[in-house]
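K.L.:
Input sequences plus hints: build the corresponding full structure.
Residue numbers (the working numbering), protein chains in the order written: chain A, 1 to 298; chain B, 1 to 389.
Read the hints as simulated data drawn from the structure, not as lab findings.
Under the rule of at most 20 Å between Cα atoms (straight-line distance), these lysine to aspartate or glutamate pairs were calculated in the EDC-like manner: (1) B:K380 x A:E188; (2) B:K47 x B:E15; (3) B:K52 x B:E15; (4) A:K252 x B:D321.
Okay, here's what each chain looks like letter by letter:
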Amino acid sequence: MNFDLSDDQVALQEGVRKLCDGRFPIDRVRDGFDRSMWDELAAFGVFDPELAHADRAVVFEELGRAVVPGPLVWGCLGAALGVDGIVGGIEPREPLLVEHLESIDTLLVLTADGISQVDPSTLDGDLLEWPLDALTPLHRVTSIPAGTPVAGADALVPARRAGAVYTSAYLVGMATASTDLAVAYARERQQFDRPIGSFQAIKHILADMVTRLEVARAAAYAGAAILDDPGAGDPARAVSAAKVVAGETALKNCRASIQVHGGMGFTWEVDAHLYLKRAWVLDTVFGSVAEHADALTE
Amino acid sequence: MDFRFTAEEEAFRQEVHDFIETDCPKELRGGDVSFFEQAGNLFAWRKKVAEKGWVAPAWPKEYGGAGMSIMQQFVYSMETARMRAPAPIFIGALAVAVIGPTIIIYGTEEQKQKHIPKILAGEEMWCQGFSEPGSGSDLASLQTRAVKDGDDYVINGQKIWSSFAQLADVGELLVRTDPDAPRHRGISWLIMEMDAPGIEIRPIKTVLGGSEFCEVFFDDVRIPVSNRVGDENDGWRVTNVTLSFERGTAFVGELMDARRQAARLLTMTTDPADRRELGRILAHFDALWALTKRNVTKAQNSGDPGTGAVVLKLAYSDVRDALDDLAMHVLDRAALSIGDVFEIGYFVRERLRTLALPIAAGSSQIQRNIIGERLLGLPKEPRGEPVAP
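P.N.:
What follows is the structure, given as C-alpha cells:
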C-alpha cells in the first residue's frame, strides 16, 4: 500500500500549478473560457486519453484551485471516446441548459441508451442573460436532437464515474483555494486592534475548512485510484463517496470563505463568490451530493 | 497511489488473521465485549498476544516490543478490527501506548528495568494524573504541588479524570515543581505508587452509569525523587514526546466499528431522509478510511503523517456525532433502554460513550485552536488580564 502522490505525480502537480499561475491568473479567468485556453490546456496534455485517472485527479485539483473555466471534464471524456475539438456535454433533464454552447465544437449527450454527439449549431435556444456562474454561460434549448451514436450503454457507467471523480478533484481544488483566500484574509484583516484570525470565532471556521479539505482530498484521490485499479475496492462506492465529500466540502468551504471575508465577501470584486457559484454548478453534474448519498444506501 | 497491500504486507495480514482465528477465544469476537464479564478470556488472550511478542506493536524490539513498522501496525489494527477481536492494546492501553514509550525515551535504566517488563506482562496497571478540576483544556495551569524534602517530593493537590485509578498499581503524575517559572517550565513528570499513604481515590459516576473515571486526592504524599522521569521542570516536554508514537493508526478500530454500526442502522430504516443522511455518513467514514491510509503511507515514507493526522480526531468526532444522533432518532423509543432489552442497546451505549469523544484528549474546540494556530499559522487568541465571570 502506498496511498500518496508518486514522484511523477508531484512533478505533474507542480507542472499544472506553474501552468495555472503563469497562464491562468484570475484576471484572465474572469474573462471566461475561450479557444486559446483550451489549446494551452490540450498542449499541456490535460485531455491526453493515456493519462491515468489518479494523474487526472491531480491535474483537476490544480485546475480547480485556479478555477479555470470551460467544459474541461467533458473534454477528457470526449478524448477517451476519440472525439476531437472542444467538447462539451450534457445529461439532459429539465430545464435543458447547455453549458458553453457557443465555444464548443461537439456536444456529448449521455442518455440511458448510450453516448451520442450532436453538432451544437443545430441546437435552438437562447443564452441566459444572468447565469448563476458568470463563467459558465448557459443556453436554454428547446430540445436535444438524437445526434450520432458514439458509444453504447456500456460506456455510460465508466464515463459518469470518470466525470464524477474529475469533478470531485476540481471541487477539492476550489475548496483549497477558498480556504487559502480566507486564511490569508483573516491574517491580514484587523478589527479590534488585531487580526480577525486570532479570534476563535473566525479561527474555528478556518480550522473546520482545512479539516474538511484533508478528508475530501483523500476521498477524491481514493475514487481515482480505485477507478485505475477497480479490484482494489468498490468503484461505485468510492466514486460516490468522493462526490459526496468533495461536493459538500466545496459548498461549505466556498460558502465559509465569503463569511470570513465579511462585507467584502459579498462584492463582485473579491473572488470568493466565483468559487461558491462554480461549486453550485458542479453539484448539478455527474450526480449531486444527495444523489450520490442515496446511491451509497442502495 | 496504490491501495493494494504488497505481497509482504499481505503475508503479514494473513499471519495476523491466522493467529486470531486460532488463538482468540470466540467469546471475544464480535465487539461490545464487557470487560468485567469477559475478564478471564481477555487475560488468556493477552497472554497469547504476549507469547507472540505483539503486546506492544510500536515499541522497539530491544525493549520487548514487536518493532513493527507503521504499515505493519496499520495492518495489525485493521485485521484485528476486521475480525472483531479486541484491539491490539486492549488491556493496559495507557501503559503500552503512553507510559512505556515515555519511560523508554526519558526513563533511567532502573526505571526501565522496574516497569517495562511488568507493562509487557500485564502485571502493572497504570492510570494518569494529568487533569485537575481547575486545569482541563488549560492543562499547563496545573496546581498540584511537589515540594522537595530530602530524597522525596511531598505532593499536595487533586487530579481528576484518572481512568481506572481505583484498579491501578501505578500512575503517571504531572506536578508543579517550580511555581515561579513560566507555566510550561515548572512541571515535572513523576511515577506514583497508588498505595502510597495520603492518596485518596474517589470514583466518578459517568453518564453511562459506570465509574471508569476517578478523582485522586493528595495529602502530603511522599514520592521518591528517583521516581521522576526526565529532568526536573521538564515534564511538559516529557509529556509531549509520547504523542509521536501514535502516528495515525489510533482510529483504525473505531472507524471500522463505526462503519459497521452505520451499515446496521441502514437495515433499520426505510425513511428516505434518514437513509440519505446515512449515505452521507457512510461516505464520510469511507473518506476517513482513505485519509487514514494516506496518513499511514506518509508516516511510513517520511516519519510524519502530516496534516491529515492532525485533523482526523476532529473530523471523526463530527461525523460520529451525526451517526449517533441519527441512531437515537431511528431507534425512537427503543432507544430508551441502555440495556439490551430491544437488542439495540449497543447503539444507545455508543451514543453515550461518544459524547466524550469531542471532549477527551483535547476537546474539539482545542483541536480547532491547534489546527488554526499550528497548521494555519493564525495568531493566538489574545491573552490579557484575567476576566471576572
